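All chains, please: the whole structure from these sequences, using the hints.
If you want the building blocks of each chain, they are given just below.
There are 2 protein chains.
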Amino acid sequence: MTAERKTSKAPINGITKKPTLRSISESMGLALTTVSRALKNDPAIAQATRDRVQEAAQAVGYMPDRAAQKLRTGKTNVISLILNPHEEILGFGSSLISGLTQSLRGTDYHLNVTPQFHDTPAIEPINYILRNKTADAIVFSRTKPFDERVRLLLENDFPFICHGRTELSTPHPYVDYDNFDFGYQAARRLVEKGRRNIVLFPADSSLTFSQHLQHGFMTAIQESGIAFRIPDDISIYSPADEIRNYCYNAATNKNPPDGYVCGGEVSTLASLAGLTDAEQEIGKDVDIIGKQTSPLLDQIRPKIETIYEDLATAGQMMGTLLQQRLRGEDMSKLNHLQETTLIFDTIKQNK
Amino acid sequence: MTAERKTSKAPINGITKKPTLRSISESMGLALTTVSRALKNDPAIAQATRDRVQEAAQAVGYMPDRAAQKLRTGKTNVISLILNPHEEILGFGSSLISGLTQSLRGTDYHLNVTPQFHDTPAIEPINYILRNKTADAIVFSRTKPFDERVRLLLENDFPFICHGRTELSTPHPYVDYDNFDFGYQAARRLVEKGRRNIVLFPADSSLTFSQHLQHGFMTAIQESGIAFRIPDDISIYSPADEIRNYCYNAATNKNPPDGYVCGGEVSTLASLAGLTDAEQEIGKDVDIIGKQTSPLLDQIRPKIETIYEDLATAGQMMGTLLQQRLRGEDMSKLNHLQETTLIFDTIKQNK
DNA sequence: GTAAATAATTATAACGTTATAAATAACACT
DNA sequence: AGTGTTATTTATAACGTTATAATTATTTAC
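Protein chains in written order, with this note's numbering: chain A, 1 to 351; chain B, 1 to 351.
If you are wondering where the hints come from, they were derived from the structure by calculation, not from laboratory data.
On a predicted model such as this, the values are computed, not experimentally measured, just so you know.
There's no promise every hint is true.
Each pair may be met inside one copy or between any two copies, as identical chains are not told apart.
What the hints assert, rightly or not - Mimicking DSSO-like on lysine-lysine, the simulated pairs with C-alpha atoms at most 27 Å apart in a straight line are:
id, residue 1, residue 2
1, LYS254, LYS133
2, LYS133, LYS284
3, LYS133, LYS17
4, LYS133, LYS75
5, LYS40, LYS17
6, LYS18, LYS284
7, LYS333, LYS284
8, LYS133, LYS40
9, LYS17, LYS284
10, LYS133, LYS303
11, LYS75, LYS17
12, LYS75, LYS284
13, LYS133, LYS333
14, LYS40, LYS18
Written out as structure tokens, the structure reads:
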């Protein structure tokens with residue numbers, strides 16, 4: 001009746017059945033196979049037929065059944081991001097998701113986030129995906145130097161990309177942040193500000209990035225010859241209260257540290273709280289350099305100098321590289337090291 | 001050879017094929033159907049046979065193919081959580097996921113997180129799940145009084161639970177936080193502290209909880225007769241810089257507000273920053289009452305009085321109620337209103 | 001000891017898709 | 001018109017599962 005009826009999706013109401021290849025083929029008087037191939041733009045099917053079929057499919061709002069496709073082809077069109085909900089997550093997960101989704105836009109891939117729990121081994125969700133082939137590719141983080149997940153996936157030739165590097169000899173896709181440089185620049189900055197006894201809060205020392213961070217930090221220490229301390233009973237993943245207490249106690253001891261490098265946002269806040277409670281003045285008695293992955297620390301007073309890690313971009317890059325991997329490209333090139341961004345001087349300017 | 005070989009999962013190496021009902025049936029000399037039914041503990045199968053089959057399945061590490069099950073039965077065993085990555089998410093998503101996963105432990109259900117984008121309509125992922133039946137049930141948040149997602153799902157009799165209430169007459173499962181009480185208690189507290197001109201940062205006014213929050217706030221205002229302001233060009237989802245500027249400007253005007261109620265963590269931090277920048281002293285010139293969903297605000301100095309919303313528990317409750325819904329229980333009872341937890345006096349005690 | 005009843009197992013078909021092989025239609029050329 | 005090609009369409013089988021119907025084995029009743 002009306003001039004045009006756009007996207008006449010059949011209403012989802014249970015009366016109209018879900019369109020399938022069969023229903024389309026019957027309504028058009030074609031073989032089911034023909035419809036299938038026409039929708040795939042198979043050149044063996046006449047162009048005219050392809051057009052007609054595609055139009056008809058569009059009109060009834062046909063969408064292929066993913067379970068059936070999976071069963072037949074083994075392909076899921078799903079990419080699984082494994083995320084530890086208790087990770088240092090002020091947006092870690094969200095930013096990564098954001099970037100990944102961005103890069104998956106317009107492709108057939110769906111992003112599927114699998115929660116990973118602290119009390120289950122990290123290998124478990126990977127094992128499950130591998131056994132049940134519930135995804136075509138995997139994304140994960142918290143990479144270790146000899147990460148067993150990487151090993152397992154490489155052995156099975158299963159597409160993946162991880163956030164963080166390994167020390168394995170087989171090349172594999174990854175995106176990492178230059179935590180060596182972070183540690184180095186942060187420590188240098190503290191030295192430059194005249195600090196002579198500084199603390200680094202490490203991450204889990206089993207994680208590669210934590211080692212890079214320490215290495216960068218130590219390099220700067222050695223260059224400058226100042227005193228330092230890396231607590232071994234505390235990390236940026238420790239409960240905030242513990243970090244706060246550490247700083248508080250350290251400040252009230254004799255010979256207190258005059259600088260802190262914090263690898264995470266919560267730990268930065270907690271350090272700040274501890275030092276404030278101990279009536280240390282930031283910028284005068286002590287300085288903090290934090291890592292920032294969200295605009296959160298911008299809202300903190302007193303302002304803190306930070307180094308920025310852009311996780312949304314990391315996520316996007318991971319998506320891009322992963323798709324190249326899925327297309328079978330040479331793995332030795334599918335990696336990227338993100339540079340550090342210092343947010344130092346702007347602070348003085350703003351003041 | 002050895003006394004016992006526990007969980008002899010076949011190694012995932014491509015040589016050993018994935019076990020299926022067929023492979024088990026052949027190796028045991030039983031019909032495929034028998035194996036299927038034995039694994040389902042069908043009483044028509046002899047107990048002895050059931051035991052043997054289950055043991056064998058366990059031994060080879062059989063796991064049913066979910067795609068095949070979905071194709072045959074239509075059941076996915078998946079619960080989809082729709083999450084907006086740009087939501088006020090300092091852990092909102094993570095906490096909810098954490099709770100949901102907890103309540104899904106030991107069931108056959110998998111949690112699947114679908115990212116929802118700001119620039120796509122909220123109904124879209126729901127539509128997709130409905131059309132493709134990619135999940136058995138849906139969880140979502142940011143509920144509106146006449147939420148079209150709720151309507152659509154109710155119409156299709158599709159199981160779901162939402163965080164937040166609607167004003168629809170048909171009962172449906174939900175978990176909500178008592179934001180009326182939050183608004184009320186927060187405003188009362190400010191009055192009690194002698195504040196006489198207070199500001200509420202609302203959430204998106206289209207969301208039900210925002211209306212509850214405002215209603216509670218206004219009730220306290222009317223009871224006490226003090227001056228107030230609810231900005232209409234700014235919300236807790238506004239960029240932190242905007243909130244900070246608002247507070248900064250407000251503080252430097254004549255007749256500045258002496259109290260703030262913030263419905264979110266970022267907005268609390270931003271308010272604090274703006275007021276600090278304007279050299280207002282918290283607790284003396286002005287007070288802030290924030291909502292807290294993570295331990296984050298505990299690390300902020302000066303300390304801020306907050307009201308706590310436990311999202312992990314909310315998630316757990318949602319999982320439980322949703323499973324009751326899936327079992328077909330009466331929807332009019334499947335809801336829960338979380339009480340507010342004031343974190344007020346402890347602060348004085350600590351001081 | 002046989003018929004009827006019950007217990008236990010099995011055969012068949014179907015969910016929606018696609019890869020492979022087979023069939024048919026259309027066309028060109030002698 | 002008949003043969004060989006090529007273009008186009010179709011039939012068949014399979015992925016792994018489960019609901020239904022059918023079959024076979026075992027027990028009970030008299």
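**OP:** Pop the pair LYS40 and LYS18 into one bin, within, between, both or neither, using alpha-carbon distances up to 27 Å.
**Re:** Within one copy only: 20 Å inside a chain, 29 Å across chains, cut-off 27 Å.
Original post:
At most 27 Å between C-alpha atoms: does LYS17 with LYS284 qualify within a copy, between copies, both, or neither?
Top reply: neither (71 Å within a copy, 66 Å between copies)
**OP:** Classify it for me, LYS133 with LYS40: is the Cα-Cα distance of at most 27 Å met within a copy, between copies, both or neither?
**Re:** For LYS133 and LYS40, both the intra-copy (23 Å) and inter-copy (23 Å) Cα distances are at most 27 Å.
Subject >> Status of LYS284 relative to LYS333 across identical chains (alpha carbons, at most 27 Å) >> reply: neither (46 Å within a copy, 59 Å between copies)
**OP:** Using 27 Å as the alpha carbon limit, work out where LYS133 and LYS333 are close: within a copy, between copies, both or neither.
**Re:** Classified as within; 26 Å inside a copy, 38 Å across copies.
Original post:
Between LYS133 and LYS284, at a C-alpha cutoff of 27 Å, which is it: within one copy, between copies, both, or neither?
Top reply: neither (57 Å within a copy, 60 Å between copies)
**OP:** Up to 27 Å between alpha-carbons, please classify LYS133 paired with LYS75: within, between, both or neither.
**Re:** So LYS133 and LYS75 pass the 27 Å test inside a copy (8 Å) and across (18 Å) alike.
Subject >> Copy assignment of LYS75 with LYS17, given that the CA separation must stay at most 27 Å >> reply: both (25 Å within a copy, 17 Å between copies)
**OP:** Up to 27 Å between alpha-carbons, please classify LYS75 paired with LYS284: within, between, both or neither.
**Re:** Neither. Shortest intra-copy (59 Å) and inter-copy (63 Å) distances fail the 27 Å Cα cut-off.
Subject >> Alpha-carbon proximity context of LYS133 and LYS303, limit 27 Å >> reply: Neither way: LYS133 and LYS303 sit 48 Å apart in one copy and 49 Å across, limit 27 Å.
**OP:** Measure nothing new, just compare the shortest in-copy and cross-copy C-alpha distances for LYS18 and LYS284 to 27 Å and report within, between, both or neither.
**Re:** neither (69 Å within a copy, 64 Å between copies)
**OP:** Using 27 Å as the alpha carbon limit, work out where LYS40 and LYS17 are close: within a copy, between copies, both or neither.
**Re:** Within one copy only: 23 Å inside a chain, 30 Å across chains, cut-off 27 Å.
Checked against the numbered hints above, the structure breaks hints 1, 2, 6, 7, 9, 10 and 12 and satisfies the rest.
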